[in-house]
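Student: In case you want the letters, here they are:
There are 4 protein chains.
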Amino acid sequence: MREHPFKVRVRYCETDQMGVVYHANYYLYFEETRTDLLRAAGFAYADLEKRGVFLVVTEASCRYRAGSAYDEILEIRTRVEDVGKATLRFRYEVIGPDGHARADGHTDLAAVDARKRPMRLPPEIVARLAVL
Amino acid sequence: MREHPFKVRVRYCETDQMGVVYHANYYLYFEETRTDLLRAAGFAYADLEKRGVFLVVTEASCRYRAGSAYDEILEIRTRVEDVGKATLRFRYEVIGPDGHARADGHTDLAAVDARKRPMRLPPEIVARLAVL
Amino acid sequence: MREHPFKVRVRYCETDQMGVVYHANYYLYFEETRTDLLRAAGFAYADLEKRGVFLVVTEASCRYRAGSAYDEILEIRTRVEDVGKATLRFRYEVIGPDGHARADGHTDLAAVDARKRPMRLPPEIVARLAVL
Amino acid sequence: MREHPFKVRVRYCETDQMGVVYHANYYLYFEETRTDLLRAAGFAYADLEKRGVFLVVTEASCRYRAGSAYDEILEIRTRVEDVGKATLRFRYEVIGPDGHARADGHTDLAAVDARKRPMRLPPEIVARLAVL
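Protein chains in written order, with numbering that gives the first Met the number 0: chain A, 0 to 131; chain B, 0 to 131; chain C, 0 to 131; chain D, 0 to 131.
It cannot be assumed that every hint is accurate.
If chains are identical, the list can't say which one is meant, so a pair holds when it fits in one copy or spans any two.
[To be verified] Heads up, simulated DSSO-like pairs for lysine-lysine below, C-alpha to C-alpha not over 30 Å straight-line: (1) Lys-84 with Lys-115; (2) Lys-49 with Lys-115; (3) Lys-84 with Lys-49; (4) Lys-49 with Lys-6.
Simulated from the structure, these hints should not be mistaken for lab results.
When you get a sec, could you build the whole thing from the sequences and use the hints?
Tutor: Right, dumping it as C-alpha cells:
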C-alpha cells in the first residue's frame with residue numbers, strides 16, 4: 000500500500016533530559032499521522048466517533064534508531080499494512096531531516112462501539128483503505 | 000483553611016532538555032493533589048463526575064522559583080482558598096526535598112453539568128470543603 | 000506589538016475524558032507558537048540554546064473560555080508584550096474555528112546561562128523583538 | 000526473575016476523550032516502575048546518569064487488553080527478563096483493581112555514555128540485576 004507522508008516539528012515539551020524526544024512521544028506522532036492518513040483517504044476520524052465507531056489501539060510497538068532533537072522536522076511515513084473486518088494495522092517510519100531513520104513501529108486498531116463492544120469496520124472505510 | 004500535603008516523584012517523561020520539570024507539568028501535580036485533597040475531604044472526584052457534576056478549570060497560574068529534577072520527591076501543599084456557590088479556588092505550593100519553594104500557583108474551577116452548562120456545587124461538597 | 004498567528008491541530012492525546020483539550024496542554028500550544036514567533040523574528044530558539052542562552056519560564060497563566068475539541072484547528076495569536084534586559088513577556092490568545100476565544104494567557108521568560116544563572120538577553124535579540 | 004510490583008494512580012491528564020488511559024501513557028507507568036525496580040535493586044537511575052551511564056530505550060511494545068479509568072490504582076508488575084552486557088529487557092504487566100490484565104509490554108534498554116556511544120553496563124549493576 001501507498002505510503003502517506005506527514006511532517007511534525009518536535010516541541011520542547013516532547014524532549015526529556017537526555018536532550019531528545021522521549022520515547023513514548025513517537026506514538027503521539029503516529030497518532031497524528033494516522034489521523035491525517037484517514038483524512039487523506041476521505042474521512043475524518045472525529046466524524047467516525049460521532050457515528051459511534053471508535054478505533055482503539057490494541058497493540059503498539061516502536062524501535063528506536065537515533066534520537067530526535069527539539070525543533071527538528073520529522074517526516075512520518077505511514078502505511079495501512081492490513082485491513083481486516085474489524086481491525087487495522089498501520090506501520091510507521093520516522094525519518095529525520097538528515098534522511099536517516101529515527102524510529103519505526105506499528106499500531107493495531109480495533110473497531111468498537113460507544114459501549115466498547117467489538118464491531119465491524121464500516122464497509123466504505125474498509126473499501127477506501129483497501130485501495131490506498 | 001488547612002493545608003493538604005501530597006507527594007509526587009518526578010518522572011523522567013516530565014523533564015525536558017533543560018534537565019528540569021517542564022513548566023506545564025506542575026499543573027499535573029496540582030491536579031493529582033487536588034484529587035487527593037477532595038478524597039481526604041470525603042468524596043472522590045471520579046464519583047462526582049458519575050453524578051453528573053464536572054469541575055472545569057477556568058483559570059490557572061504558576062510562578063516558577065527553581066527547577067525540579069528527575070526522581071526528586073516534591074511536596075505539593077494545597078489549600079482550598081475560596082468556596083463559592085459554583086466555583087472553587089485552590090492554591091498550591093511546591094516544595095523540593097531541600098525545603099525550598101519550586102513553584103506556587105492556583106487554579107479556579109467551576110461546576111458544570113454533563114452538557115457543560117454552569118451549575119451550583121452540590122451543597123454537601125460546599126459544606127465539606129468549607130470546614131477544611 | 001504585532002500579533003503572530005500560528006495554527007495547531009488538536010491531537011487525540013491532548014484531550015481528556017471531558018472530551019476537550021486538557022487545560023495544561025494549552026501551554027504546549029503557547030510554547031510551539033512562541034518558538035514560531037521567534038523564528039519569524041529571525042532566530043531559532045534551538046540556536047540560542049546552542050549559544051548558551053536559555054529562556055526559562057518564570058510565570059505562566061491561562062484563562063479558559065470554552066473547550067477545544069479533538070482535530071479542531073486552533074489559531075494561537077501571540078504578541079511580545081514586554082522586552083526587558085533579561086526578561087520577555089508573551090501574550091497568547093487561542094481562537095477556535097468558530098472565531099470565538101477558547102483561552103488566553105501569558106508566559107514570562109527569563110534568560111539564564113547553561114548553569115542556570117541569570118543573564119542579559121543578547122542585544123540583537125532585544126532589538127529584533129522590540130521592532131516586532 | 001522476581002516480579003517487582005508498583006502502584007500508580009491514573010491522573011486525569013492521562014485519560015483521553017474515550018474515557019480511558021491514552022495508550023502511550025502506559026509507557027510512563029512502565030518507566031516509573033522501572034525506576035522503582037532499579038531503586039529496589041540498590042541503585043538510583045538518577046545516580047547512574049550522574050556517573051555518565053544512560054539507559055536509552057531501543058525498543059518498546061505494549062498490548063492493550065482493557066481500558067483503565069481515571070483515579071484507578073493500577074499495579075504494574077515488572078521483571079528484568081534479560082540482562083546482557085550492554086542491554087536490559089524489562090517486561091511489564093498492568094493489573095487493574097478488578098484483578099484483570101489491562102496491558103502488558105516490554106522495553107529494551109541499551110547503555111550509552113554522555114555522548115550517546117554504546118558502552119557496557121557497569122558490572123555491579125549486571126550483578127545486582129542478575130540476582131533479582
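Student: Next, verify each hint and record whether it holds.
Tutor: Against the structure, the hints:
1. Proximity of Lys-84 to Lys-115 under the C-alpha cut-off of 30 Å is restricted to the intra-copy arrangement: shortest distance 16 Å within a copy versus 36 Å between copies.
2. Both within a single protomer and between protomers do Lys-49 and Lys-115 lie at most 30 Å apart by alpha-carbon distance, with minima of 14 Å and 18 Å respectively.
3. Taking identical chains as interchangeable, the C-alpha atoms of Lys-84 and Lys-49 lie at most 30 Å apart only when both belong to the same chain, with a minimum of 20 Å there against 34 Å between chains.
4. Taking CA atoms no more than 30 Å apart as the test, Lys-49 paired with Lys-6 passes in both settings, with 27 Å inside one copy and 24 Å between copies.
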